[in-house]
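A.B. asks: Chain by chain, the residues:
Number of protein chains: 4
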Amino acid sequence: MIVILGAGATEEQIQQVIAALEQRGYGAHLSRGVERTIVGAIGILEAEQKQLLAQQLEAFPFVERVVPILKPYKLASREFHPEPTIVAVEDLRIGAEQVVVMAGPCSVESREQLLEAARAVKAAGASMLRGGAFKPSTSPYGFTGLEAEGLQLLREAKEETGLPIVTEVMDPRDVELVAECADVLQVGTRNMSNFMLLRELSRASRPVLLKRGMSSTLEEWLQAAEYIMLGGNERVILCERGIRTFEPHTRFTLDINAVPAMKQLSHLPLLVDPSHGTGRRELVAAASRAAVAAGADGLLVEVHPHPEKALKDGAQSLTPEGFAEMMRTLRPVAEAVGRRL
Amino acid sequence: MIVILGAGATEEQIQQVIAALEQRGYGAHLSRGVERTIVGAIGILEAEQKQLLAQQLEAFPFVERVVPILKPYKLASREFHPEPTIVAVEDLRIGAEQVVVMAGPCSVESREQLLEAARAVKAAGASMLRGGAFKPSTSPYGFTGLEAEGLQLLREAKEETGLPIVTEVMDPRDVELVAECADVLQVGTRNMSNFMLLRELSRASRPVLLKRGMSSTLEEWLQAAEYIMLGGNERVILCERGIRTFEPHTRFTLDINAVPAMKQLSHLPLLVDPSHGTGRRELVAAASRAAVAAGADGLLVEVHPHPEKALKDGAQSLTPEGFAEMMRTLRPVAEAVGRRL
Amino acid sequence: MIVILGAGATEEQIQQVIAALEQRGYGAHLSRGVERTIVGAIGILEAEQKQLLAQQLEAFPFVERVVPILKPYKLASREFHPEPTIVAVEDLRIGAEQVVVMAGPCSVESREQLLEAARAVKAAGASMLRGGAFKPSTSPYGFTGLEAEGLQLLREAKEETGLPIVTEVMDPRDVELVAECADVLQVGTRNMSNFMLLRELSRASRPVLLKRGMSSTLEEWLQAAEYIMLGGNERVILCERGIRTFEPHTRFTLDINAVPAMKQLSHLPLLVDPSHGTGRRELVAAASRAAVAAGADGLLVEVHPHPEKALKDGAQSLTPEGFAEMMRTLRPVAEAVGRRL
Amino acid sequence: MIVILGAGATEEQIQQVIAALEQRGYGAHLSRGVERTIVGAIGILEAEQKQLLAQQLEAFPFVERVVPILKPYKLASREFHPEPTIVAVEDLRIGAEQVVVMAGPCSVESREQLLEAARAVKAAGASMLRGGAFKPSTSPYGFTGLEAEGLQLLREAKEETGLPIVTEVMDPRDVELVAECADVLQVGTRNMSNFMLLRELSRASRPVLLKRGMSSTLEEWLQAAEYIMLGGNERVILCERGIRTFEPHTRFTLDINAVPAMKQLSHLPLLVDPSHGTGRRELVAAASRAAVAAGADGLLVEVHPHPEKALKDGAQSLTPEGFAEMMRTLRPVAEAVGRRL
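Respectively, the protein sequence lines represent chains A, B, C and D.
With the first letter of the first sequence counted as 1, position 315 gets the number 315 in our numbering; the numbers rise by one all the way through.
With the first letter of the second sequence counted as 1, position 166 gets the number 166 in our numbering; the numbers rise by one all the way through.
With the first letter of the third sequence counted as 1, position 276 gets the number 276 in our numbering; the numbers rise by one all the way through.
With the first letter of the fourth sequence counted as 1, position 76 gets the number 76 in our numbering; the numbers rise by one all the way through.
Treat the hints with care, as some may be off.
It does not matter which identical chain is meant; a pair holds if it fits inside one copy or across any two.
Only pairs whose alpha carbons sit at most 27 Å apart, straight line, appear in this in silico DSS-like list of lysine-lysine [what the hints assert, rightly or not]:
#, residue 1, residue 2
1, Lys74, Lys122
2, Lys158, Lys309
3, Lys71, Lys309
4, Lys74, Lys309
5, Lys309, Lys122
6, Lys158, Lys122
7, Lys71, Lys158
Note that these hints are calculated values from the structure, not bench results.
Owing to the predicted nature of the structure, the values given are computational and were not obtained by experimental measurement.
Produce the complete structure using the sequences and hints provided.
C.D. replies: Printed below as a string of structure tokens:
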């Protein structure tokens, strides 16, 4: 790390910085410029020590800025682990050549609804089934899912269609229960910084699909992945799902830059959720094509047999026909970038 | 609610909308304009029904927009409850004439550190002690608090100084434990949409200090308050703590507009956290004065006896001297708006 | 428009709203709900009148909200003009089957630099040459372009390569001068709301490439297009170039949703600028593929023969080799969506 | 500046960086760390050179980041000019003890309207009259001002009331015309990065009130001020007027942090515009008190004798009574922070 001292830093202040570095085991490399004095830290520290030291140096009133040199994550970084990680889910290999499409309703509402959706997405070429049994709802008056019953229905849908299941877990107390049924455990955007949940998931027996927080930077997102990996669960799948901006036409702004950026910063597989990323059914197919063209390893798409009867997110859900049409236009795009659906 | 149909909506589509309204028990009020057809819903529905119906109408491809007429929260709204709510914490009355200042370190680090801070903030005029025993940390390598031991130290500090305690709870499993020690349970910005935690807090025996999510709208924030109130805990204290914007000079952008806006939209007491709201010690006093001048009912301020040794947030922590100086400049501002410290 | 009155609006206030509508020539359609009174405006007003009336109604303290029914633009809207507009530039037809790639250096720096860039982008398949003679610079110490000399060099480059020219105009006084040399006049992101410039361009003899303001909504962007069209210049080409968000890893966040959204809202052709949209050379090719997959009619790409010697934007400029490689990977994507380069 | 090279930078690449520094007249200070190599630039360069060099170094593919040490502005900086600047306008001293309140209608609409407003704001204690003769309008169908006639009316209002005038100039061609009538030339938020206008204003004979761009960082804002100062006009008054964020309840988010931050970064006087900063009349008084409590040197407030008849911005305009009431509550706050109205 590099410590930039404010204009007019005294000799004593410079020595305080050097002492703080040396006390932690760093060497100090002093550079007295015309307008600023700069102290570089030399050596390697444990991540815990480095993080703390940077904060403490910044708290000196005479320190103008501390510039970190390395990224604040390691296990998730491409620099540390140059080969792409492939997460296996039954026969699927997420992060390999195939673009993995996970589709299904926002929420599990009934056996009939779920099975109808599951058959439709399978017929159109989806590889996994999505569907929420535990649902976050901004309004306390909204639908919050069928919970255990929903999990049971997901299991039935898997039995019938063979599609592996991805479903959300919101409460650290439910991780085990959900892991019994789900093939992949989803962390929603509102829980990306729910560190108690992440810690529990780091000990889970299932891969984790980690959605980006709607106002999280790429760096914060990778640190959330690091939480899960540091605890021992290295099977993390990232999912860009739109960020909050000033634009009101769409529900969120899908950050397409994040796709190639994250593939460079990290070795983890990366999906895109075009349903939340746009919030409008009529934009989903175009956003999906963009995601695959930009290098996404897969998609997470909301499909409902009857969107106008959906208990949640109907306006952004594709109909089965819309989904089939999307898949038809997606296939040549996947091939154009050397992938397949 | 008002349903605006797309240009060229057919008679059959109009009837579908009317039928959907009538099926739920609403009357329908049709207005055929030159360029659009509009259907108004007449009657009163339960919040659950209304929320769902609006979503389902929006999912019709021929519906352009659904415009809600009423706010999506009720218990938290000033319209429903015109009188200001005052939350009593021991002798303090939060939301009444006194501007309540809660101060203390970001994290409880040791007995010595906490007591030194507690004595200092009390001497300078604080009314409550803040300090985290359970700490969210963006980095998995960062400090996450002394946990149960930290709670015990907070209890000691209260015994010695008499200051009531506000401290954060992050895990639904810890609510009871924290409630045994804390006088006010704090929900941090990363947990405002942790609905499992909110649900648990709605059954807690302590008032809840609900920080605004860093990318939450005022409406979402009030819905989070509604969660807690709907479950039976009406003692909610709001806390504006800065939102995420494009400006990099400050850690967050303190939304000062939120102060008068929330006092108009809601009857709940409202605090401001100038430490996170700015992220820079040198801006905290000015932001505090602004908050009180704008009508805040109190402040939540980070104070550390030795910021350069803090395990967290040193750069935004005031020293005891800085805090005392802030209090001196704050007092006349409070009086200028008819309040007292 | 629909006028929603506050709770407890009196009969007299309702009549004031009706009178204001009738005075302008609207009919009023009253709906007294249980909790709110709503007045709908019936009839057709000139855009000027409607805009003003909505503002004035909102200024009544007892009016809660005015909900507009129609979009605030007409000439630019798909609803008013369902057929896509194709802008012809010499032999090119922008908005038709071909994906039009405009490439070249950020700034014209010298004859040698420009010609080297022009030859390279032509060889790799670009259809137009970009290059700034007048350059906005955030810093007053930065490079602001060769001005008239730069225009002359662009003309030479066109003579040699046959590539039509797109170049920026920043000052209403320069429109005529730039129009003599350029085939397309570019409005930069910082000038999208420079209405004096837009007005001048509405009388220009050249098509206008209108970049989105970095914090402009889609609706504001279309109103800026409407300015130019209303003055008589209907040859407007839109260009998404990234918006300002909280994410620091990229210079801007390319709003990929804007591509299909604008193609639905408007009939105007739409380009994407992946160079500014990402600000990082290593992301440009992926963003370009995403743009074309999402339906963009073309690209505006920065290419510099020696980025490390560029006077501006070197970090986001492709080398000629990088550009050629990007074109190679772009071709199959264009074909996958039924277009060609 | 500090140049951080990517992991695995070769000896040759390091030498390329050193050569680039030395070629410009810098010394190079090399620090080979375990994980990164860092090159510090030693010496003083002209701002133009430094700006360019940083960009060019960043364009090397093997350079990870260039960290600037000094701010990209000088004339506007507090470091370079520690004493506060006071801008004199007739008898007023903007930036001194008095909090200068500039008030009046958004737009000049008629003699009657302007004079009624001018008399009212004077009676309530305003020190200057604001009012737009040239008005930016997002919609091409909106009101764009009375132009020359409006200037004439402002002159009359000044003659009658003695209040100096601040009014907006939008077109570089109008600077001279507006300067004949106005005491202070206002640059609106949409023109903060209109560098052609800034350049013209740098040669004007009047002080410039420079509003912050609605998506501009503090650093960009200070660079805009630097443009004007560098050209010779050092009488710049800054004005915070709200930034664009995700929050829809208010028109903009007033960045109150910017007040103390800018007073620390710069010596220039700073006003706040609570009318645009909130967009809602009912929040203006609270925002004004906050601004003064935070250290603003003045306010720019919209007041209209009949907001519901205003041609622009009625919903955020105070009535004369509302303004008088605001001034009454503002006075004790000003005194509480050692100022006066």
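A.B. asks: Of all the hints given earlier, name the ones this structure violates by number, lowest first.
C.D. replies: The structure conflicts with hints 1 and 7, although it agrees with all the remaining ones.
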